[in-house]
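A.B. asks: In case you want the letters, here they are:
2 protein chains.
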Amino acid sequence: MNQKGLLMVISGPSGTGKGTLVKHLLKRNNRIQLSVSATTRNPRPGEVDGVNYFFLKEAEFKEKLAQDEFLEHAEVYGNYYGTPKAFVEDQLNKGQSVLLEIDIVGALQIREKFEEVVFLFVIPPSLKELQRRIKTRGTETQEQMAKRMDSALEEIKELKQYDYVILNDQIHKATRLIESIVEAELASVKRSQSYWLDLFGVGR
Amino acid sequence: MNQKGLLMVISGPSGTGKGTLVKHLLKRNNRIQLSVSATTRNPRPGEVDGVNYFFLKEAEFKEKLAQDEFLEHAEVYGNYYGTPKAFVEDQLNKGQSVLLEIDIVGALQIREKFEEVVFLFVIPPSLKELQRRIKTRGTETQEQMAKRMDSALEEIKELKQYDYVILNDQIHKATRLIESIVEAELASVKRSQSYWLDLFGVGR
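Which chain is which? The protein sequence lines are X and R, in order. All letters in the first sequence, in the order written, are residues 1 to 204 by this note's numbering. All letters in the second sequence, in the order written, are residues 1 to 204 by this note's numbering.
It is possible that part of the hints are untrue.
Straight-line C-alpha distance at most 16 Å; calculated EDC-like pairs for lysine to aspartate or glutamate [said to hold, decoys possible]:
hint	chain 1	residue 1	chain 2	residue 2
1	X	Lys157	R	Asp198
2	X	Lys160	R	Asp198
3	R	Lys85	R	Glu47
4	R	Lys128	X	Asp198
5	R	Lys190	X	Asp163
6	X	Lys173	R	Glu183
7	R	Lys173	X	Glu183
8	R	Lys190	R	Glu116
9	R	Lys23	R	Glu179
10	X	Lys85	X	Glu60
11	R	Lys157	X	Asp198
Label-pair restraints from in silico Cβ distances [unchecked claim]:
hint	chain 1	residue 1	chain 2	residue 2	range
12	R	Gln96	X	Gln3	49 to 59 Å
13	R	Ser151	X	Thr20	50 to 60 Å
14	R	Leu26	X	Leu26	30 to 40 Å
15	X	Asn79	R	Arg176	35 to 45 Å
For the record, the hints were derived by calculation from the structure and aren't laboratory data. Cβ coordinates follow ideal geometry from the N, Cα and C atoms, glycine included.
Work the whole structure out from these sequences, hints included.
C.D. replies: Given below as structure tokens:
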């Protein structure tokens, strides 16, 4: 069955271990890969074009933007960032599932353009654990930590807009849950029915 | 997280190996169990009340039916069969997932009463393999086999009404897919959001 891959967005407040989880998942599963973003910022030492980012001049970025070539985009401190549609669609057509690590604002932009996207929200096991993880960063003042905690809780409210909650308590369990979601979604009737009805010649 | 189990209906044409798949799944996974049906037919030697079936007198069955105590029911050759609501709900509340092996007619009755049910449709890997499996039963005439084939294809059309397609090519893969679906569904935002929002005290 030569099925398209799954496009997934993964978000979650800082302090949930989302970055480590994504790294672990990509290492373990070669059917899932991270999307490569385009950016107008300068490459940092060691960054490779087409691997870490697609590095674009501002004029190029804006032209692509005008031609609706990004799934989502944002401007941060005067630099543009965007998810190139063509790259994502190529991978999906090859049967690769693609993960985008973006925030809720970008995520909602994508949902508008790409109905079939699956939204994952990474969550810490408890309020206490979230506090502990924010504290152990250790480089911030009391006030900064309180602010970070507030903004994490604000983000958690948004989980209502997502499809799945990934409890990141044990990294192996969380990784396995994401793999299960990919497997389940690809077997969903909405994604696979035309394939099956054709295979058995019973029409749509 | 003391979460309710998942209620699943599993259907599929004969010749898909559905029965063997269900047995394998139940053996491997003690968080999933088969529902016990009620029936008015007489127990066969070795059948145990409350294990194989709940054996009821016809008057008892009809009284329960009048009180809406079945999730679905059917009459087959003068005997009644039904899925007792109370049994299923007890198990779900204990966190056990419950599997009902019923046909599309019963399945649709359940969907009306129990929105959160998940529908699984078991499918053979190909038309050819379906033919082969129907043939190897070996006890039927050409005509009977053709009829069985037609009715299998009619059933496959109904997969549009289900949620997931379970390709039963390799039993281990099919079993694992059902387990993945249970895991994914239990992590879905629609089933778990109130738990998480409460846990982090961010209201609903």
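A.B. asks: Would the hint linking R/Lys173 and X/Glu183 be met if the CA-CA limit is 16 Å?
C.D. replies: Holds - the C-alpha atoms of X/Glu183 and R/Lys173 are around 11 Å apart, at most 16 Å.
A.B. asks: Taking 16 Å as the top limit, are the C-alpha atoms of R/Lys128 and X/Asp198 close enough?
C.D. replies: This hinted pair holds, its Cα atoms lying about 14 Å apart.
A.B. asks: Within 16 Å, alpha carbon to alpha carbon, are X/Lys173 and R/Glu183?
C.D. replies: holds, 11 Å
A.B. asks: Check the following: the C-beta atoms of R/Gln96 and X/Gln3 are separated by a distance inside 49 to 59 Å.
C.D. replies: violated, 32 Å
A.B. asks: Does the alpha-carbon distance linking X/Lys85 and X/Glu60 stay inside the 16 Å limit?
C.D. replies: OK: X/Lys85 and X/Glu60 at ~15 Å, within 16 Å.
A.B. asks: Starting from R/Lys23, check that the Cα of R/Glu179 is at most 16 Å away, please.
C.D. replies: holds, 14 Å
A.B. asks: Are the Cα positions of R/Lys157 and X/Asp198 separated by 16 Å at most?
C.D. replies: holds, 10 Å
A.B. asks: If I claimed the Cβ atoms of R/Ser151 and X/Thr20 lie 50 to 60 Å apart, would that claim hold in this structure?
C.D. replies: holds, 52 Å
A.B. asks: With 30 to 40 Å as the target window, see if R/Leu26 and X/Leu26 comply at their CB atoms.
C.D. replies: Holds, at about 34 Å.
A.B. asks: Taking only the CA atoms, is the gap from X/Lys157 to R/Asp198 under or equal to 16 Å?
C.D. replies: Distance ~10 Å between X/Lys157 and R/Asp198 Cα, so the pair holds.
A.B. asks: Mind checking the alpha carbons of R/Lys190 and R/Glu116 for me, to see if they're no more than 16 Å apart?
C.D. replies: holds, 10 Å
A.B. asks: Would you check the hint for R/Lys85 and R/Glu47, treating anything up to 16 Å between C-alpha atoms as holding?
C.D. replies: This hinted pair is violated, its Cα atoms lying about 21 Å apart.
The structure shown violates the earlier hints numbered 3, 12.
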